[in-house]
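K.L.:
Here is what each chain is made of, one letter per residue.
Protein chains: 2
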Amino acid sequence: MIIPIVIGMDIGGTNADFAFIDLKGNILSKHSIPTSEFETANSLVMIVKDIAEKTIDKLKGRYVIRGIGIGAPNGNFYRGTIEYAPNMKWKGIIPLAQYFKQAFGVPCYLTNDANAAAIGEMMFGRAKNIKDFIMITLGTGLGSGIVANGNLIYGHDGFAGELGHVIVKENGRQCGCGRKGCLETYASVTGIKRTIVRMLEANHVRSELEGVSFNQLSGKMIEKAALNGDSVALDAFKFTGNVLGKALANAVAFSSPQLIVLFGGLAQSGDLIVKPTKEAMEKHLLRIYKSKVPIIISGLKGNEAALLGAAALVWKELGVAKD
Amino acid sequence: MIIPIVIGMDIGGTNADFAFIDLKGNILSKHSIPTSEFETANSLVMIVKDIAEKTIDKLKGRYVIRGIGIGAPNGNFYRGTIEYAPNMKWKGIIPLAQYFKQAFGVPCYLTNDANAAAIGEMMFGRAKNIKDFIMITLGTGLGSGIVANGNLIYGHDGFAGELGHVIVKENGRQCGCGRKGCLETYASVTGIKRTIVRMLEANHVRSELEGVSFNQLSGKMIEKAALNGDSVALDAFKFTGNVLGKALANAVAFSSPQLIVLFGGLAQSGDLIVKPTKEAMEKHLLRIYKSKVPIIISGLKGNEAALLGAAALVWKELGVAKD
Numbered sequence: 001m002i003i004p005i006v007i008g009m010d011i012g013g014t015n016a017d018f019a020f021i022d023l024k025g026n027i028l029s030k031h032s033i034p035t036s037e038f039e040t041a042n043s044l045v046m047i048v049k050d051i052a053e054k055t056i057d058k059l060k061g062r063y064v065i066r067g068i069g070i071g072a073p074n075g076n077f078y079r080g081t082i083e084y085a086p087n088m089k090w091k092g093i094i095p096l097a098q099y100f101k102q103a104f105g106v107p108c109y110l111t112n113d114a115n116a117a118a119i120g121e122m123m124f125g126r127a128k129n130i131k132d133f134i135m136i137t138l139g140t141g142l143g144s145g146i147v148a149n150g151n152l153i154y155g156h157d158g159f160a161g162e163l164g165h166v167i168v169k170e171n172g173r174q175c176g177c178g179r180k181g182c183l184e185t186y187a188s189v190t191g192i193k194r195t196i197v198r199m200l201e202a203n204h205v206r207s208e209l210e211g212v213s214f215n216q217l218s219g220k221m222i223e224k225a226a227l228n229g230d231s232v233a234l235d236a237f238k239f240t241g242n243v244l245g246k247a248l249a250n251a252v253a254f255s256s257p258q259l260i261v262l263f264g265g266l267a268q269s270g271d272l273i274v275k276p277t278k279e280a281m282e283k284h285l286l287r288i289y290k291s292k293v294p295i296i297i298s299g300l301k302g303n304e305a306a307l308l309g310a311a312a313l314v315w316k317e318l319g320v321a322k323d
Numbered sequence: 001m002i003i004p005i006v007i008g009m010d011i012g013g014t015n016a017d018f019a020f021i022d023l024k025g026n027i028l029s030k031h032s033i034p035t036s037e038f039e040t041a042n043s044l045v046m047i048v049k050d051i052a053e054k055t056i057d058k059l060k061g062r063y064v065i066r067g068i069g070i071g072a073p074n075g076n077f078y079r080g081t082i083e084y085a086p087n088m089k090w091k092g093i094i095p096l097a098q099y100f101k102q103a104f105g106v107p108c109y110l111t112n113d114a115n116a117a118a119i120g121e122m123m124f125g126r127a128k129n130i131k132d133f134i135m136i137t138l139g140t141g142l143g144s145g146i147v148a149n150g151n152l153i154y155g156h157d158g159f160a161g162e163l164g165h166v167i168v169k170e171n172g173r174q175c176g177c178g179r180k181g182c183l184e185t186y187a188s189v190t191g192i193k194r195t196i197v198r199m200l201e202a203n204h205v206r207s208e209l210e211g212v213s214f215n216q217l218s219g220k221m222i223e224k225a226a227l228n229g230d231s232v233a234l235d236a237f238k239f240t241g242n243v244l245g246k247a248l249a250n251a252v253a254f255s256s257p258q259l260i261v262l263f264g265g266l267a268q269s270g271d272l273i274v275k276p277t278k279e280a281m282e283k284h285l286l287r288i289y290k291s292k293v294p295i296i297i298s299g300l301k302g303n304e305a306a307l308l309g310a311a312a313l314v315w316k317e318l319g320v321a322k323d
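In order, the protein sequences belong to chains S and W.
1 is the number of the first residue of the first sequence in the numbering used here; add one for each residue after it.
1 is the number of the first residue of the second sequence in the numbering used here; add one for each residue after it.
Just chain S, with the same shape it has in the complex:
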């Protein structure tokens, strides 16, 4: 018996993760490669193809790849492209879906990484049966997937849901997109790292993070310091949550969601980030929304929402999804 599977892929500023996934959402095999290793998009395609062939061999030929689903920053669903992704080494417009389609000979669907996570959360996570929610991914950057009436909002051009590039501070921090003050320059793993560095520079407070360089610094380190009671780390989480919460209050006025789901590296810090975010959001919400919009952490571990979402996208487009 031949079992159809798909490749679900999550390309981020730091890692390219992918998995072989069946129709029920079972992950048969999972892989991760640092994105920095790929000078070109095609070199990624080649490595994935190589791994895919070996994996299928190992699975003894009972599996056949029916399609490839990709979540990527600045991913365009309509065109299958990554366009001007600020945090990626590949510049300009990358027709990645076409590359994969040519290499594998099967359909390839691509969307914004946060949209993929939203689809995953809706099918397998904590947003099941929820028709209106916002998924926020807090990784290298900040991504968002907006679901209204049970459907992802792609927008006219396929680029809806770029909340990471809402400008929250006029002449604020320089963003990779070329503008200043974008939300993701504050609310993301990179954003909180910048906040730590700024706080260490501006204040005379002892911190266990003083001896760590910006490049060495990680979300996990900041979380650990905060849990140790480090006041700089604690203040950085408060500051980050405050910026994010205010931006979410504005986002709620846009789509009136039932739920906001946080996902990604920074979300794994749990209450350290959720509590100040919720406080700032509630404080800034218009009265009609107050106390109505919970902020929760994704129910899917690691990057599984993105991988499962990318896989679900394929099953859906192939017309074999169960919903």
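Don't read these hints as lab results, they were simulated from the structure.
Each hint should be verified, as a subset may be incorrect.
As the list claims (entries may be wrong) - One side only, chain W facing chain S, incomplete, derived with CB under 8 Å:
no.	residue
1	ASN151
2	GLY161
3	LEU163
4	CYS177
5	ASN250
6	PHE254
7	HIS284
What the hints assert, rightly or not - Restricting the straight-line Cα-Cα distance to at most 20 Å, the calculated cross-link-like pairs of lysine to any residue (SDA-like) are:
no.	chain 1	residue 1	chain 2	residue 2
8	S	LYS292	W	THR81
9	S	LYS290	W	GLY158
10	S	LYS54	S	ASN26
11	S	LYS180	W	LYS283
12	S	LYS180	W	GLU170
13	W	LYS290	S	GLU83
14	W	LYS290	S	TYR84
15	W	LYS292	S	GLY178
16	S	LYS131	W	ASN151
To be verified - Where chain S lies over chain W, by a calculated footprint (3+ residues, C-beta under 8 Å):
no.	segment
17	73 to 86
18	137 to 149
19	288 to 295
Every residue gets a Cβ at the ideal spot worked out from N, C-alpha and C, and that includes glycine.
Following the hints, put chain W in place on chain S, whose structure we already have.
P.N.:
Using the frame of chain S, we list chain W on its own:
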């Protein structure tokens, strides 16, 4: 032959307008009453009923009212209520659809005034066949109707699209909603009036608006002064457009619309408001959206988009709309 008609109604901070409208969108009779005349919502219902009876009599009994559609600030589609509308005399939660239903014995549907305008623009105006657009109404306040995939976004709670209450300036102008710095405190007829008063207070420039009180000041007066070359009026339009354009750049990052339609009192000033708005929006847009999102003035005159939209809402809900 009996001809079915509906009442389409547009309740604003200043006027309650309504019209008797047939299935083709023909306006048979149109009425307007200052909202300030109604101490209670029920007193409005009674006057509309009185006028409706007289109108039907005049039309010689060939017409029958099949339903009532209402666009109102803070209107909730799911509950048929106006809830805590900042610019209205009626406070708290007003079950207006129920009042009308009881008085007329026909179904009544209520939504946000800007949502009604968006439906009207989509059916009869310049957004025909456009599946992703944002309608912005610049009246006493700022309302918005967001259409994605051809459908209005109502959100979980029926309150989506409150862009007038996106906070654009921390500790900015006091808003009727109780918070500070909301978009509508800058970008609306009231907003530009506040800007004029502020500019007259802060600067030593001669202006033809110096002798006019805040209450006497109108959007039309400011437009006229600007067309006369009055530098304060011109600066006020530039300032207003700048604030609005920046907020629209953020809105585009949310839903990636094909088009933004401006409507209402301030929109009637045409290029005076559109030009600075477009300039500021383009300047602040993320690269992937640049030069892709036109800002246009509504194709429907006066408040017809709102009235026709409210009527279209009824036909749609009654299942007799043609689409």
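K.L.:
A separate judgement is required for each hint: does it hold in the structure or not?
P.N.:
Hints, verified against the model:
Evaluation of the W:ASN151 hint against chain S yields a held restraint, the C-beta minimum of about 6 Å falling below 8 Å. The criterion of a C-beta within 8 Å of any C-beta in chain S is met by W:GLY161, whose closest approach is roughly 7 Å, and the hint holds. Nearest Cβ of chain S to the Cβ of W:LEU163: about 6 Å, under the 8 Å cut. The hint holds. For the restraint placing W:CYS177 at the interface with chain S, the shortest Cβ-Cβ distance is roughly 6 Å, inside the 8 Å limit, so the hint holds.
Interface restraint check: W:ASN250 against chain S, minimum CB-CB distance 4 Å, threshold 8 Å, status holds. Interface restraint check: W:PHE254 against chain S, minimum CB-CB distance 5 Å, threshold 8 Å, status holds. A least Cβ separation of about 6 Å between W:HIS284 and chain S falls short of the 8 Å threshold, and the interface hint therefore holds. Taking the CA atoms of S:LYS292 and W:THR81, the gap is near 17 Å; set against the 20 Å cutoff, the hint holds.
Restraint check: the Cα-Cα separation between S:LYS290 and W:GLY158 comes to about 14 Å, which is no more than 20 Å; the hinted pair holds. The hinted pair formed by S:LYS54 and S:ASN26 meets the criterion: a straight-line CA distance of about 19 Å does not exceed 20 Å. Only pairs whose Cα atoms come within 20 Å are accepted, and S:LYS180 paired with W:LYS283 is accepted, the gap being roughly 12 Å. Simply put, S:LYS180 and W:GLU170 have alpha-carbon atoms about 17 Å apart, close enough for the 20 Å limit, and the pair holds.
For the proposed pair W:LYS290 and S:GLU83, the alpha carbon gap of about 13 Å is at most 20 Å, so the pair holds. For the given pair, W:LYS290 sits about 12 Å from S:TYR84 by alpha-carbon distance, which is consistent with the 20 Å threshold. At roughly 18 Å between alpha-carbon atoms, W:LYS292 and S:GLY178 fall within 20 Å of each other, so this suggested pair holds. Proposed proximity of S:LYS131 and W:ASN151 is supported: the alpha carbons are some 14 Å apart, at most 20 Å.
Residues of the segment 73 to 86 of chain W with a Cβ under 8 Å from some Cβ of chain S number 3, which satisfies the need for three, so the listed coverage holds. Given as covered by chain S, the segment 137 to 149 of chain W passes the check, having 3 residues with a CB less than 8 Å from a CB of that chain where 3 are the minimum. Coverage of the segment 288 to 295 of chain W by chain S holds. Counting CB-CB distances below 8 Å, 3 residues qualify, and the rule asks for three or more.
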